[in-house]
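*Asks:* This is what each chain is made of:
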Amino acid sequence: MTPTQPIASVTPTIGLGVLHLFGWLPRSTAGDDDAGGGEDRPGAQADAGAAVVQAVKEAEADGVQVVTVSVLGHKADVGFMALGPDLWRLRRLQTDLQSAGLSVGYSYVSLTEVSEYAEGLPDETKRARLYPALPPAGMPAFCFYPMSKRRGEDEGSNWYALPFERRKQLMYGHGAVGRTFAGRILQLITGSTGLDDWEWGVTLFGVHPDDIKECVYRMRFDEASARFAEFGPFVLGMVAPVEAVLRSVLGDD
Amino acid sequence: MTPTQPIASVTPTIGLGVLHLFGWLPRSTAGDDDAGGGEDRPGAQADAGAAVVQAVKEAEADGVQVVTVSVLGHKADVGFMALGPDLWRLRRLQTDLQSAGLSVGYSYVSLTEVSEYAEGLPDETKRARLYPALPPAGMPAFCFYPMSKRRGEDEGSNWYALPFERRKQLMYGHGAVGRTFAGRILQLITGSTGLDDWEWGVTLFGVHPDDIKECVYRMRFDEASARFAEFGPFVLGMVAPVEAVLRSVLGDD
Amino acid sequence: MTPTQPIASVTPTIGLGVLHLFGWLPRSTAGDDDAGGGEDRPGAQADAGAAVVQAVKEAEADGVQVVTVSVLGHKADVGFMALGPDLWRLRRLQTDLQSAGLSVGYSYVSLTEVSEYAEGLPDETKRARLYPALPPAGMPAFCFYPMSKRRGEDEGSNWYALPFERRKQLMYGHGAVGRTFAGRILQLITGSTGLDDWEWGVTLFGVHPDDIKECVYRMRFDEASARFAEFGPFVLGMVAPVEAVLRSVLGDD
Amino acid sequence: MTPTQPIASVTPTIGLGVLHLFGWLPRSTAGDDDAGGGEDRPGAQADAGAAVVQAVKEAEADGVQVVTVSVLGHKADVGFMALGPDLWRLRRLQTDLQSAGLSVGYSYVSLTEVSEYAEGLPDETKRARLYPALPPAGMPAFCFYPMSKRRGEDEGSNWYALPFERRKQLMYGHGAVGRTFAGRILQLITGSTGLDDWEWGVTLFGVHPDDIKECVYRMRFDEASARFAEFGPFVLGMVAPVEAVLRSVLGDD
Amino acid sequence: MTPTQPIASVTPTIGLGVLHLFGWLPRSTAGDDDAGGGEDRPGAQADAGAAVVQAVKEAEADGVQVVTVSVLGHKADVGFMALGPDLWRLRRLQTDLQSAGLSVGYSYVSLTEVSEYAEGLPDETKRARLYPALPPAGMPAFCFYPMSKRRGEDEGSNWYALPFERRKQLMYGHGAVGRTFAGRILQLITGSTGLDDWEWGVTLFGVHPDDIKECVYRMRFDEASARFAEFGPFVLGMVAPVEAVLRSVLGDD
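Protein chains in written order, with the working numbering: chain P, 54 to 306; chain H, 54 to 306; chain Y, 54 to 306; chain C, 54 to 306; chain A, 54 to 306.
No lab work stands behind these hints, which were simulated from the structure alone. Possibly wrong hints are sitting among the right ones.
Ranges between beta-carbon positions, derived for each pair [claimed, not checked]:
#	chain 1	residue 1	chain 2	residue 2	range
1	Y	S156	H	E111	22 to 32 angstroms
2	H	A214	C	A190	49 to 59 angstroms
3	Y	K110	C	E169	53 to 63 angstroms
4	C	K110	A	E113	37 to 47 angstroms
5	H	E276	P	G226	21 to 31 angstroms
6	H	P286	C	A190	46 to 56 angstroms
7	Y	E276	C	A235	31 to 41 angstroms
8	P	D207	C	P216	23 to 33 angstroms
Think of the CB as a built atom: it goes at the ideal place given N, C-alpha and C, for glycine as much as any other residue.
Given only the sequences and the hints, what does the whole structure look like? Please build it.
*Replies:* Spelled out as structure tokens, the structure:
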């Protein structure tokens, strides 16, 4: 390919782009010590690890925040939550990770935002939502899930048929439940209507995994959730520096 | 295979065929510098890139419009939105891209159309819907999603049980929301009833990604959406010339 | 395997078995000119093409009708709609196509039928439904989709709770919409209750692709569809002789 | 692995375990006659065939009934319905088939049973349900599908909220429809609540494929189905001896 | 990768983390005795078996309980249910199993818990739920499924809109059904709200497979299930020591 002129950045007018990437890296397996090809060539795992570290460090050097997560279960081995103003730079991180060997199995695209119900909040609170500093210290338990507000056939179960004041009141009650978990849970809600399959992405950081469980369980009884929320898949993991995350999912090689 | 006579074109009586293709290209990865086979043979990536550029240029030379998109997340790396009168020519573009190495993971088939609610619009407006010139300048944020009108069990939530005048009125209100985003968003709605799994394809071009988010979010409160719309998967990306798109998802090789 | 005696045919007591097969053939890609294995060995594409043609010709020689289709999008590259009395012979066609390299990604199993609402029609009409001659001349646009009648929780939206006369009346109105497309659309509805995941398969042949779109769109407002129909995935393509279909999806090799 | 002591059998207290396995075997394809690796090594197909026959014969020698089926369409090439008292022996059959090359793409786990509505039937009838002799002679058309009873939000559409006598009455009417197909259809319903994703597995053997279609279609109007049944995927095929089934899906090699 | 300091454990404040892993191991197949690559290299199976045994033994040595299961059908060949306080240690077990060759196809993440309706139970009962000793002796039949409480559009079918006392009463009735299976079934319900896609994971151990079927079937008529439960996929298998499980799914090699 021939060189072309630089591409102008694609950025939100306010706030940051957010890209959650979940996937797998090439892995050495028990039968790999003989010759012979296949995805799991000996050494591929070490190469992949080094290239992942480099991709993350370069993004961070360009001002992108990258939270790295070791994931439990079949949905992924590793997760990367990247926040930055320019979507091209987030795409470059994805490309670098894929070139490092990452198979992306699940992802989510969203933007930080101040919701329409939070316009009256202090500037500092709004700024923390638009430009959060992640990950929070001392909260290694990590959960991500997307959600939408229900548009039920019955008027009474259609969020988008409610007047603003009623919605604001419901959201306020919902927030009150969340606030009882202050210090145990940090919650970041990013907007994705028109960007991905659900309307919001919810990222939770917790001191303990049962803090996350209890918080989400309690909120489920709140009317805003009980009557109006629909949830996508949940991914659970542990936040750690990228090297530690890689070691936890690839072994000591 | 033996040569056969040319095949007659298959075209809509008015307007253009539209083919959205989303997928992945072969990629060099961190462990690829040694010998050994596999999909990711060294050089395959460069070959693929050149062949993709050629496929796009040949289609354009034949009068097909091709919008190329760098996509974020797991649904695809690259997207191609092609518009042209002959479905065989669109199929040839798909074949050329696949022969270049494209794995098509998601797609959408539709036709440009003037909706039954827009028959009274000026000819120029109708012509812009049937024969749009894409992509619009200065709108690099790209979103595609398909949608249908709800056919709920309850009469009141069944779009297809409403009289024409009521539907027209609802669509007019819906359009009014969209018009407040003039200059920030260009929207193209193409028809796919009987052609693909949803009834319409919606392609949005925006100046900023939050223009897309705000526009779709605002419309969701409009009655035509709140009560009657059902949405398929959303794909988000950035429009750029084909060479730049390839470089963004394959790296500098 | 040792030889065994011939197997008795498995046939419907009236009408024909119908097998729709949609899939992909091995393809030469941009990086294939060097040595090295993988699915896409050079020459594999030409071998596959020749073997597909032979499989189709042999089935036709045995009295099986085979409609060959070039498909747009990710659901398939090629489609085969085969009609014949003996299910074993249809299975042999599938086996021959798979041995030729076809990966079957989607399919549908049904039988031609005269619906219970059409018992009073002239014998010739009934015969055309049980033993159709396909494909119709001059109708290259092709669409297949399966559908079922809704069994909603609410009595009023449960087709199977309606009395026969009411269903017959609804089906008659539905047919009237279809008849306005005579000459532009040929529709074949085959029965699949107990045979595949939906209750009917619908195959449409059209002069133009927008004939298909307009026909299905108009029918959607008919009460039999608006209140009682549920639709599966839609596959769109172009009918052509097998050699032309292969060339369109594999390129000129 | 080191030898261990034999494992005690795991059996139902009455009746038999039933394992439906559907999948694919390795296949020689048009491009396979040259050297080079890949799954489809020449000879692999013949080896697989012989090993499948041996696996089935050994299971039969151990008292397991195995119905072998040639399947139409993309869901599988071959099906095995195995009935025997010990789940470990059914698992060994699955292992032997997988070691023979079978890729299992779909399956179903159930137990033969006498339903709570059939307790008053003659002992011989009950015994035929618990210990059926399969396949029935002269009924080569085969269909399998799972189903559940609806637990609708509305009390009137919730099977599990109905009193026993009402359910018994509905099941009796349902059975009456089935009995009109005596001699044309043999139906075996096996229980899977708590064992697999649906509550029952339904296996139908028919003289002709349209016997199956007509039987399932007629039953769909019965209230027990119309209001309370939910159906999973349908698999259709032809019953034959294992050698004939293999030949039908692999060709004559 | 360079060494880093040890990572602090991530544990629930009370109870244990629970990781269900279901998947497949590399397998020698009928055509594997010749040279040539592919995943199923001869010897790979034996290597995998030994590495799986080692991974399980090391986890047990670190105080993790690991129940090993031979699974029937297409969802998995083997299952591992691991319980331990530190999520990093559960992740290491997953990594060791994957490095041994396990492909994880399905999984579930949850925590042991005492439900809010069981706060008044004796300490010993609560302790048995938080720190169970698994597997129970003499109960080789194994079933796992996840479930949620319904949040229906209609108030009357929305569990989370019911007052606590009503929910407690319903759960008590539900438990009463379960208690009639004492000695035949051991049930462990673990919480996963906010951790995985459903709200609870249910693991059943039974003397016979029809104990499991009858227990789940009976409970389905209980109002707490009939009106308010939604169920995910069911996995059925047999519990045995790891060596016996491996032999049952890989053969004697």
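*Asks:* The structure should be examined with respect to each hint, and the outcome stated for every one.
*Replies:* Hint check:
no.: 1; hint: S156(Y) to E111(H): 22 to 32 angstroms; result: holds (27 angstroms)
no.: 2; hint: A214(H) to A190(C): 49 to 59 angstroms; result: holds (51 angstroms)
no.: 3; hint: K110(Y) to E169(C): 53 to 63 angstroms; result: holds (56 angstroms)
no.: 4; hint: K110(C) to E113(A): 37 to 47 angstroms; result: holds (40 angstroms)
no.: 5; hint: E276(H) to G226(P): 21 to 31 angstroms; result: holds (26 angstroms)
no.: 6; hint: P286(H) to A190(C): 46 to 56 angstroms; result: holds (50 angstroms)
no.: 7; hint: E276(Y) to A235(C): 31 to 41 angstroms; result: holds (38 angstroms)
no.: 8; hint: D207(P) to P216(C): 23 to 33 angstroms; result: holds (28 angstroms)
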